[in-house]
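Colleague: Starting from the structure of chain A, add chain B where the hints point.
Number of protein chains: 2
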Amino acid sequence: MKLLMVSLAGVALAGVEAQTARPAPQARQTDVSLASVPKLQWKQRAPGVWMAVIGKPEVGPMAFAGSPRGAALEKLGSPAFPAALAEARGSVHGVYASVRLPLAAEEKLYGLGMRDDGRVDLRSRSYELKVTPSTHAPVPFYISSGGYGVMINTARVLRIQMGIGNRKDAPWLPPEIDRNTNKKWSSRYPSDAVEANITGTGMEVFLFAGKTPLEVVQRYNLYSGGGCLPPRWGLGFWHRMHTLTPAGKVLEEVDEFAKRDLPLDVIGLEPGWQSASYPSTYDWDPTRFPDPAGFVQAMSARGISLNLWINPFISTKSSIYPQLLPYTGSHMYWLGAVPDYTLAPAREIFMAHERKTQLALGISGFKLDEVDEITPEHALFPSGLSGDQMRQIHGMVMQKMQMEAFRGMNRRTYGLVRGSNAGAGAYPFALYSDGYTHRGFVQMIATASLAGVLWCPEVRNGASDEDWLRRFETALFSPVMQLDGWSSGVKPWSRPAVTDAVRSLMKLRYQLLPYLYTAFAEYERSGVPPFRHMVLEPGYAAESKVVAGAVNSETNPYAESRLIEVADQYMFGPSILVAPLFAGESSRKVVLPAGKWFDFYTGKFAGDGETIPVSAPLDRVPLFVKDGGIVPMMAAVERLRSLPGEVPLEVRHYGTKEASYALYDDDGETFDYEKGVFSVQVLRAVRAGGGLKGEAGAASGPWKSRYSAITWKFMAN
Amino acid sequence: MKLLMVSLAGVALAGVEAQTARPAPQARQTDVSLASVPKLQWKQRAPGVWMAVIGKPEVGPMAFAGSPRGAALEKLGSPAFPAALAEARGSVHGVYASVRLPLAAEEKLYGLGMRDDGRVDLRSRSYELKVTPSTHAPVPFYISSGGYGVMINTARVLRIQMGIGNRKDAPWLPPEIDRNTNKKWSSRYPSDAVEANITGTGMEVFLFAGKTPLEVVQRYNLYSGGGCLPPRWGLGFWHRMHTLTPAGKVLEEVDEFAKRDLPLDVIGLEPGWQSASYPSTYDWDPTRFPDPAGFVQAMSARGISLNLWINPFISTKSSIYPQLLPYTGSHMYWLGAVPDYTLAPAREIFMAHERKTQLALGISGFKLDEVDEITPEHALFPSGLSGDQMRQIHGMVMQKMQMEAFRGMNRRTYGLVRGSNAGAGAYPFALYSDGYTHRGFVQMIATASLAGVLWCPEVRNGASDEDWLRRFETALFSPVMQLDGWSSGVKPWSRPAVTDAVRSLMKLRYQLLPYLYTAFAEYERSGVPPFRHMVLEPGYAAESKVVAGAVNSETNPYAESRLIEVADQYMFGPSILVAPLFAGESSRKVVLPAGKWFDFYTGKFAGDGETIPVSAPLDRVPLFVKDGGIVPMMAAVERLRSLPGEVPLEVRHYGTKEASYALYDDDGETFDYEKGVFSVQVLRAVRAGGGLKGEAGAASGPWKSRYSAITWKFMAN
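Residue numbers (the working numbering), protein chains in the order written: chain A, 1 to 717; chain B, 1 to 717.
So here's chain A without its partners, still in its complex pose:
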């Protein structure tokens, strides 16, 4: 019907018959067949690494990764192209670029970034990999039990279906089940492919071959330029101050650690070190920190490294705001402008300020907060990136910039970052999150190893002494052992009933330094993560359990079942299995991989390829060492930064196997190790008479190992 139109000043008029200029489609116009989707053309990029391009790829996180580790990749070998992936396909249609990667029936799929949902095998699940304050590092990289891994290099949100969702013309389809009459009906029919999409003009797909999931992860890490080797002090104890603590009170608190015989290496200052925040000024607050240089020097004199909180949003009150403004995006966040640090001039402005006012003073690192939150998707940055792209790679951009700043001074850093993405292995930053379930802690530590990142819990408070202490124990076995009092002001001695336990746990962390630092060196040299998901451990086979759902017409009308997987244990270094206990539990089950395993504390045989019940007193984490495990330990010290030139070692051997272990040492502070300035000393347990004896080879390399006097301890005896 024709409507009567009235004239209106300043607004154009038109007669109308239908509402929309764009009526519904009328005819078939699109070929929807699988055959119409082109096969990917794979090109080799490195031994065991291939890439295919779909459409016109846009910037992805790999543009901000480290350089591929050529020699290490060659050393890792040159596996064959995973034949099944020759059938992979992909195309661009409208605003979507998509990819289809075939799966065999029995393949299991792991990874897709850090997760705390208890999920291990991701098959038959769908995910949206979007960096947010609750996902942090939803890395688009997965590992197949079929001998390969896939990484999709895109700075767009990736939606991915892990073997669920069927094409009507798929090469394989499961049988259709009548739900009316067959109880086996499932809302999760299996499919024969991973399918994924982005809204964008294209993407790069990387394929990593490997005999085992661990080899796939190593190859992915090495190709990304990782792993990283933190400075030694970074592996000591970290304590974050309440946000408004002034300089004098920080010094007092550091001295309090010494008085209480508690080791400490890093103090973290929260937003209050800045003259205003949020957004950040990156300038010292003149009231709380009237003499930054003097303050940092006083901390340094005490052997303490300082870590400063920042977020990427710059205040109008910052001294560098006028310089950075032309390089900021269209939209603000919390009223802070958002600099585009993908651009060299922006990085130079920021780093010049950071060098002069922080690094030159001796600041050791940063906590890069809130790089997982950002302006709307349609926001524009001067480089041409949009808000969604910047959000996905913001953590990468910030880590790369910090790494540049510290590397320029030949000083290693070890920091914290709240968001990351693919290709981050080279960056010495541990992720953290506001998520606070203890089981989540364990899952994040473990799944980070499937994503080329590190994760650490921020222990704040606990529901009880027990809960707090148990969380503390998990922090001990993580990349950063940390207590975070930014909001509550909590300290290691805040709960007197368990202060002694806290002290002995902190000291255990320091005793294990030679083992932990060597594990990081192995990460740097061969890509083996120091903390590992169990699926990366040879011989591991945990059974998952399907719990049938009861019909409930309100909460579960479809009687859907739940899958329960083992997600509460992980590996620490080459030979230790960590099985944390949780508040309210005096015992738990542990799945031991094939082979003999021994109790860390007593050396007693614990089991062999089986699930065992374990219990532990409040101040002990159940730990199991594999047969032939060698664990070098030193005496606890007050600071790692001032470790003496000669450190006696107790080298423990577990079980009955002959074994060897390559103990690593270097200056712990610089990048000189990249030029060969390190030492490796091979420790061997060899058969002698009816038992074993220990042998220490000479330390090789130009660095003089500080581990001089070695005492062997055969724990099986």
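Watch out, some of these pointers could steer you wrong.
Since the list gives no way to pick one copy over another, a pair counts as held whenever it fits inside one copy or between any two copies.
[Unchecked claim] Derived pair list, reagent style SDA-like, types lysine to any residue, alpha-carbon separation capped at 25 Å:
1) K693 <-> R706
2) K545 <-> I612
3) K43 <-> F81
4) K56 <-> K604
5) K545 <-> L76
6) K130 <-> V92
7) K39 <-> P326
8) K704 <-> G694
Everything labelled a hint here was simulated from the structure, so no lab data went into it.
Modeller: Chain B only, in chain A's frame:
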């Protein structure tokens, strides 16, 4: 570094230096200023309705809406263009199309589809409007308290920021607050605009003016071709059978209603009526329904209308599968192919089958389930639509097709649908959802009126007799009063302790039919929703309450506050306010809009523009009638379908005001009312002596009103 490459059969090789073909951007290339975003060019489409186009619009839900109601729109008036919107801007950049719509400081924003999150004013919130099994109808339409509404016509997921998120060069910015020292810091700084984006090539933006939010909603509904007028039987009681009930048992259950003196109008058959499901065959099951024609006839003889469950996914076992296959999309859902019913040939195949095997037999309507779930975003349909687009509009496409089928037979239908979108007002379908909180029920009924749709609860079970009965009461005051036993087999008499209460509630629904049916007629004629959110009621002003958050270093480290709004009451027809009670509560608060309000049951004065405490026995819903409210009621009957030609009325008048009411009647079954075959009878309460007296005018129109004998009841007496 150059890597050694090994030759590999069938896979191309290349030397590599960096990981990615696409390095990080190096230079500024994009103008990020607000000035670079063009202003929208508004064109008038109808009185009080304007549209602007951004980029190249794609298909949106309006392509599936009814035709604009020209005469009714003209009658509603021709308000001026809302001047502030002349500053609206929008553009397309890369894969994003975005829009910016200015806001004044005090504007409140309502709508964005159905919601059960307790939110009323959406200002300072962000939403992603994606049709899913938990959102159902996230309609991209919002209403401003500033005298206009905006609808964005897109079949893409819309991300929208309702006055939150600041452009760095916005005309207005709030002052920056230092969070270190100022407790007023907020993570939700206000902004001066709504901003929204999609990934797509463009979109249409519609602007609806209106003096009040109700006028805006009316204009939006009328422009969409609505509201709808259901058949009269649709307003009676609905009962859904357990899914596997065979024909004979259905008949028995219907007879059981009569035996127990319980009214009933509609029986719903769940998936089990089909020969296989899920996916759907759309064919009768020969075991459970060996004689569909005979069965439907037997039901019809009892005055019962039949509603059949379907979902849009077609089984290979369906008799029409081979015909529809060429019109299906690339991907299946639950192993059902997904026909592209935007294409006329696909619709014709489906409707021919439906007409022949269902409509011709006397089936009265359908429950269109799971139109809110669909294949992956990158799926392709023969029309060229992608999976994300189809998901957003699937409910619209299905409703339009059903409407076409029934209209073709001049039979009104009233059905259920689980997903919808903008422009649905013409379609006589009530949405429903699996969400099952009772407070959620109330919020969904109310918010649906801000989105041009209807929503009804599916009462299944309850935690207790009380809970179940209270839910039943809310169903009474909803577009469809229904009990859903598909999974549990629950019946109105399943809880003997409250069966009498259930009976009296069911009868109240039937007594109120003249009032309810007239309210729907008003919806059809002027776009006023029969069940309305309180923000559409003149004189309504509820205070929201900000509850300060306590610092908790684990659960609320930012001490964020919560906003509590009144979201537990709504309007029913022109003059009744419904304030449901919830299990465990013997009393509640009710916010009465300005003006005098009276208790529905007693006629007593309840309050005037104030918040009052109310209580009610278990079998009563607190109801309040505004001063001058006229409520025509009839005696309860067993069936509405067989309503006699003469129905005596009791016409209640509340309060002391003179008032008039236009009572509507028609055949209740066909579309003849569109040709004028209806009657309107004006009922007046006029001052007479010290009191009021009732007058009934002659029923106008060619239809002979069945409401003959009218008895007035002045409730204030």
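Colleague: Each hint needs a verdict: does it hold in this structure or not?
Modeller: Right, here's what the structure says about each hint:
1. Within a single copy, K693 and R706 get their C-alpha atoms as close as 22 Å, which meets the 25 Å cut-off; across copies the closest is 106 Å, which misses it.
2. Proximity of K545 to I612 under the C-alpha cut-off of 25 Å is restricted to the intra-copy arrangement: shortest distance 17 Å within a copy versus 53 Å between copies.
3. Proximity of K43 and F81 under a CA criterion of 25 Å is satisfied intra-copy only: 10 Å inside one chain copy versus 59 Å between copies.
4. With identical chains, the CA atoms of K56 and K604 are never at most 25 Å apart, being 59 Å at best within one copy and 72 Å at best between copies.
5. When the C-alpha separation of K545 and L76 is checked against a cutoff of 25 Å, the pair qualifies neither within a copy, at 35 Å, nor between copies, at 62 Å.
6. Taking the closest pair of Cα atoms, K130 and V92 come within 25 Å of each other both inside a single copy (20 Å) and across two copies (22 Å).
7. In the homo-oligomer, the alpha carbons of K39 and P326 lie at most 25 Å apart only across protomers (24 Å), although the nearest pairing inside one protomer, at 43 Å, exceeds that limit.
8. In this homomeric assembly, K704 and G694 come within 25 Å of each other (Cα to Cα) only inside a single copy, at 21 Å, whereas the closest approach across copies is 108 Å.
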